[in-house]
Amino acid sequence: MKILVAISKVPDTTAKITFKDGGTKFNEDGVQWIINPYDEWYALVRAVELKEAAADTIIHLVTVGDASSDAILRKVLALGGDEAIRVNAIPGDSFSVASEIAAVAKEGNYDLIFTGKEAIDYNASAVGGMLAELLNLPYVATATKFEISGNTATIVREIEGGEETDEASLPLVVSCAKGMAMQRIPNMRGIIGARSKPLKVVEPTSVESLTEVVGFELPPVKTGVKLVDADNVDELVRLLHEEAKVI
Amino acid sequence: MSVLIYIDHTEGQIKKGSLEALSYGAALARKLNTTAEALLLGTVKEELSTLGKYGIAKIHQAADESFNAADAQVIANAVSAAVSASGANVVIFSFNATGVAVAPRLAASLKAGLVAGAVALPETENGFIVKKTVFSGKASAKVKINSAVKIISLNANSFGIHEMGDTTAEINIVDITPTENKVKVLSTELIKGEVPLAEAEIVVSGGRGLKGPENWYLISDLAHELHGAIACSRPVADDGWRPHHEHVGQTGVQVAPNLYIAIGISGAIQHLGGVNRSKTIVVINKDADAPFFKAADYGIVGDAFEVVPKMIEAVKKLKG
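Going down the list, the sequences are from chains A and B.
Mapping of the first sequence onto UniProt numbering: position 123 corresponds to residue 123, and the numbering continues sequentially without gaps.
Mapping of the second sequence onto UniProt numbering: position 102 corresponds to residue 102, and the numbering continues sequentially without gaps.
If you're looking for bench data, these hints aren't it; they were derived computationally from the structure.
Every value quoted in this text rests on a predicted model; they were computed, and no experiment measured them.
Among these hints, one or two may not hold up.
[Claimed, not checked] The following label-pair restraints were derived from C-beta to C-beta distances:
(1) B/Arg208 <-> A/Ile185: 18 to 24 Å
(2) A/Glu147 <-> B/Glu125: 50 to 56 Å
(3) B/Glu47 <-> A/Thr154: 34 to 40 Å
We put the CB at the ideal spot given by N, CA and C, even for glycine.
One chain only, chain A, in its complex shape:
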C-alpha cells in the first residue's frame, strides 16, 4: 500500500498572534513553526501505524512551501515516512495548495491520502475535500478511527452530536482528527535515519488562488471581569439573567 500524507507548517499553538503592515500581514517575528498538529499527531502517526502493521507500506509526505519548510519535513521523516516531497512555492489559498498536492498525488498513484482535519492557522478544513474532487476520489472528513482490511477501509467520523461509521474502498482521501492515533515523539534512531531519507523538491504547477486575505483583526478585548463573591452565587445568576440576558 502507498500512502501520501499532506503536511502543513503552522505557527506554534502558544504563539502570540499579531499582524503588521496595517493589519494585512501575519507578523512572523519570533514565531516558532511546528508541523500542523492534526497532520502530525493523527494523519502521520496513523500512517506509520499502518506501515508497522504491513511492512510493504510506503509513506510519502508532501508539503507546499519554500526552503524554510525543510526543517519540518526532516522532523516528519524522523517520525516515519520514506520520502518527503516539497512543492517549491509559497502556499496560496486552499484551492491552490490542493491543486499542487493533487499534481504530486497523480504522479505517485497512492492508495490512501491522509490530511489533517484542518490547519490551525486558516482553519478552512478544505484541502482534503478539494484534493478528493481534483483526483475524483471518495472523501471522508474528520475521521477519528481508521481500519483497513484488504481494499476496504472502515472509518469512524465525527458528526453533530455523535459519530458515524463509514465503509469505502481504496483509493480514498481521509482527513484525520483527534482519536486516530496517539501523539509520538521522534526517537534518536528516527532522527538520524531521517537525515539520509530522500527530500525531493518539485516545481509548482502554479495554480492561482481563488481567494485572498485582505486584512486581519484581533478579537475585541474584554473590558474587565465583573467579580461576584463566592458566597453570593445568586447574584451571578441574577446578572446572567437580567444584565447579560443569556439565561
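With chain A's structure known, arrange chain B on it following the hints.
Here is chain B on its own, set in the frame of chain A:
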C-alpha cells in the same frame, strides 16, 4: 443570479445550522438585491414551504430518497447540478460535518473561491469580502473571493436564526439523479439527550480543577439545568476523563455560544482561542490569578465544589 442555500438534514429533521444558513443567505440576497433560494436533497418531515418565513423565495427539492444517505461526492455533484440550473452565484453551507466535506469538493469542481467558517455577512461595496475566524479563534481574517461563483460555509452561532414574516416559499421539484455513492454509512450513533456542542447556546465546561471524572456530575447537572452542552479542556480529554469530542480549544472544537461557563479551567491561550467568540464568558476558579479571568465577563473566585451546587440551586429557583 441568486443565492443558493444548501439545507442539511438528518433523520428527517432540518439541522439547526441550516436554519441559520437560510437566515444568512436571505440577508445576503437582500443585500445583493437578488433572490434567496434553497436546495433540499432527499426528504424531510417539515413542510418546506414554511421555510419562506426565513426570507427564502424558492426551494428546489430533488426528492430521491437515496439522497438521505448520500456521501459528500454525491451531494457535491447534485449541488453543482442545481447551481448550474438555478444560475446561483453564491452558495451557502453550514460549517458542519456535511459542509466541511461537501463545500470544498464543490469549490474545486466549480473553481469557486471558498470561505470556510464565515462569521459575518460579506462586505460587497468593494469586491466580495467575507470575515472568518483564523488561528483557531485567536483572530479573524477578511477574505476576498475573486471567482465568479462564491461559496461560503457559515460558522455555527455566528448569525442567528431570523424569521422575516409569514411568507411561504415556492417549491420547485427538480430532477437530479444521484451519482454513485462510494462511501457507505454503516451506522450512526447519536448521543441521545445531549445538546450537540457546536450548536449549543449555553456550554458548561470543566477542567482539571474538577479533580477527577467522578466529579463531572457538577458539570452535567449545571448543563442540564441550563439546557446546555457539556465541554472540557484539553488535559481532561487527554487524561481520558471525558471523550475527545467534548474538548474545546485550538485543537478541539471551537464554540461560540451565548454563554460559556468555565469551571476549574485556568485558560491557556489554546483554550481561549476556542471560546473567545462566546457572547458571555463566566469563569469559576479558586485561583484568582487564573488567566481566564482576563477573558471573562463574570467571574467567581472560589471552590467549584462549593460554588457549582449553589449555582445549580440558583438556576432552579430562577426557572421556577
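Falls inside 18 to 24 Å, the C-beta gap from B/Arg208 to A/Ile185?
-> For B/Arg208 and A/Ile185 the Cβ distance comes to about 23 Å; the hint holds.
Should the hint that B/Glu47 and A/Thr154 are 34 to 40 Å apart at their CB atoms be regarded as holding?
-> holds, 38 Å
For A/Glu147 and B/Glu125, compare the CB-CB distance with the range 50 to 56 Å and indicate the outcome.
-> Between A/Glu147 and B/Glu125, where Cβ atoms are some 51 Å apart, the hint holds.
Violated hints: none; the structure is consistent with every hint.
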